[in-house]
Amino acid sequence: MDLKRRGNQTVVFANPPVILSSYTVVGPKEGEGPLGKTFNKIQKDQINGEKSWEVTESKMLQEAMQGAIDQAGIPKEEIDFMLAGDLLNQLISSNFAARQMALPFIGLYGACSTMALSMAVGSMLIDGGFARHVLIGVSSHHDTAERQFRLPTEQGAQRAMCAQWTVTGAGSLLLGKNGNGPRITSATIGRVLDFDVNDVNNMGAAMAPAVSDTIINHLHDLQRKPQDYDLIASGDLGTVGLALAGEVLKKSGVNMGAQFTDCGVLIYDSSQDVHSGGSGCGCSSVVFSGTIMQRIKAGELKRVLLVGSGALHSATSMLQGESIPGIGHAVVIEA
Amino acid sequence: MENKSMRQPTIVVTPEEYKALTKQYTPKPTIVKNVVRAFIVGGIICSIGQVIINSYVILGMPQLEASAAATATMIFIGAFLTGLGIYDKIGKFGGAGSIVPVTGFANSIVSPAMEFKREGYVLGVGAKLFTVAGPVMVYGISTSIVVGIIFFLLH
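Protein chains in written order, with numbering that gives the first Met the number 0: chain A, 0 to 334; chain B, 0 to 154.
Please keep in mind that the hints were generated in silico from the structure rather than gathered at the bench.
These figures come from a predicted structure and were not determined experimentally.
Honestly, I wouldn't trust all of these hints.
[Stated by the list, open to error] Simulated restraints on C-beta separations:
1. A:A314 with B:K91: 41 to 47 Å
2. A:A297 with B:I43: 50 to 56 Å
3. A:A297 with B:L128: 50 to 56 Å
4. B:V121 with A:S269: 41 to 47 Å
5. A:G178 with B:A19: 45 to 51 Å
6. A:A314 with B:P28: 50 to 56 Å
7. A:G256 with B:L128: 50 to 56 Å
All C-beta atoms, glycine included, are put in the ideal place defined by N, C-alpha and C.
Same shape as in the complex, but just chain B:
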C-alpha cells in the first residue's frame, strides 16, 4: 500500500484513484471471442472423441469399453500433440475449449514432464509431474468421494 511516510516530492495519486486508472487502461479480456473459440475447439475435440467411440463400437467393442478406449486414445493424442509442440498453440487459440476435455488433462501432465526432464527423472519429472494437474486430481477425487458417500446414503 501507499507509504504515508514518504517525503516530497512524490506522485499525487491515491491508491483508489490508481486502482480506477489501472482498470481504465488495462485491456479487457476478449470474453465473447474466447467463448466462441472455446465452443468451436471444444466441440471439435469432443466430436473427434465421439467418432473414435463409434469406430470402436463398429469394430465390435461393447459401448462401455469403447468409451474407455476412446478416452485413452484421446489422452494419447493430447500427449502426442503436446510432445510435438502443437497443443500449446491449440490452447492459445481455444482456451477452455482445449483445457476442459481430457486432451487438456494430458497436456497439463505432459508439459511439466517435458519441462522438468532436465532436472532429472526423480526430482524433476517425478516431483513436478502434477504441478498443473495436481489440484484437479486432489479436488476431483475428493469431490467424487463426497458425492459417492451422499449417493450411497440416499440409496
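With the rest of the complex left out, here is chain A:
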C-alpha cells in the first residue's frame, strides 16, 4: 500500500484538498487593526446584543461557518463533516454552533493550534476518501477567555509586558475534494514539548520550542528549506515567542529569514496596547482565513506554511504549579 506518510510526522496528500471558500467575523479591536480590511464582518462591540459573551462567540462561529458555506455555494447535504474548536471548557462555542449547523460534528481541541489542526484533520478526511466536503470553524473571544483563564474583565490590574491579547474572532474554511482554489498539500502533526515555562503571561515562550520542533521535522520530512516557502506563519507566538523560535531554530541549524512571521504579530499594531501581540485560536483562524487566503488567491504567495501554536494548560493546572506544555501543527497551502 502506498502510504502517504513521509519521514517522522508528515503526511503528503495524494489528491490535495481544495479550500473552496473562507469567511471571517471579528470584534471591533481586530477591525481597527492593520488587517481590518481583510475581514468579512466586523462586529460593532464585544457582546453584539447577546446575553453573554459565550453566546456571542458561538454565534460568531456559526456566522463564519454559514458565510463560508454561502460563499462556496455548496449545498449543505454535500458537507460530510464539520470540524470545529475553541478555547472554552468542553468546547461550548463549537458545540452550540454545531447544534445550529446540524452537520456530523467532530470537536477538536488543540488550544490555539486548533485552526492548523482542523485543516490537517479535514484534509486527511477528504484525501482519505471519507468526505466530499469538510467545514472548518475555529473561534476565540477576548472576554470569554479572560474570565475562564484570568481575572474578571473589570478588575483594575496591569498586564505583563510579555502578555498577549486574546483575539475576538471566528474564521471558517470549506474544504472540498474538487474545485478551484488554494490546496492543502501536506501536514505535519506536532509533538508536545515542555521546556518548563510556567509563566502564564508568557505563552509565546511556552510554545516556541514545540513550534520549532514541528518546523524542523516538517522541513526534514519533506527535504525542504525555509526558503521553499513564501511565508511561514506561526499561530500566536507573539513578538517574544517569535523571537525565541527564530533563536531556537538558528541554534538547531535552521535560518528562517524574513518570511517567518506570526499571526499574533500581524493582527494588531503597536498602538493598540496589546503588549506582545494577539493570541487565541481565533488569531490564526482569522489571519489565515482573511489576509493569507487573499494573498494566496491574488498570486502574491505561492506556498505557505501555517504552524498553529498551542499552549496546553488549564486554569487548574496553572494554579497547581504545572508548567505549560506546547504544541505546533503545520499545514502547507499552495496556490
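For this one, chain A is given, so just place chain B on it according to the hints.
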C-alpha cells in the same frame, strides 16, 4: 521538562539555555514607571479620601466617625467607577496605586459581581463574589486575630 526519549531531528537547545534565552527576550517589567504612576495615583486617591474626611469633620461629624464615613464613601466611589467601566482603566495606569486603597478593594468585589451575574445570583454572584478579594479577607482577618492576641498578651 525536556523529553529525553525524543527521536531526531529535534531542536538543539537545553532547558538551561532556553531559560536564559527566554529571560533575554522577555521584556522587563517597567518598574520605575509603574512605581512613579502608583505613587501619583495612590496619592491622589488618598488625598481625595482626606478631603472627604475633612469635609465630614467640618460638617460636624466626630473625627472617628468621619473616617468611617469617608471609607464608606470611597468604597462607593470605587464600586461606582467599576460599574461605569472606568476603574479598570485607572488600574491599568496606576497599578498598585489603585489596588491598595480601599477603592481597589471595592473594585475587586464589584468586578466579579458584574462578571458572574450571568451565571445567576446564587451560584454566580454569590459564589464568585470573593474570587479576587477572598484571599485578602481570609489572610487579613487571620492576621488581625493573631496580632490582636499578641497585643492582648503583651498588655
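For each hint, the structure was consulted:
1. As the Cβ distance of A:A314 to B:K91 is approximately 22 Å, the hint placing it in 41 to 47 Å is violated.
2. Look at A:A297 against B:I43: about 53 Å separates their beta carbons, and that is inside 50 to 56 Å.
3. A:A297 and B:L128 have their C-beta atoms about 53 Å apart, which keeps the hinted 50 to 56 Å range intact.
4. B:V121 and A:S269 have their C-beta atoms about 44 Å apart, which keeps the hinted 41 to 47 Å range intact.
5. For A:G178 paired with B:A19, a C-beta distance near 50 Å keeps the hint of 45 to 51 Å intact.
6. Between A:A314 and B:P28, the C-beta spacing of about 23 Å breaks the proposed range 50 to 56 Å.
7. Between A:G256 and B:L128, the C-beta spacing of about 52 Å keeps the proposed range 50 to 56 Å intact.
Of the hints listed earlier, those the structure fails to meet are numbers 1, 6, in rising order.
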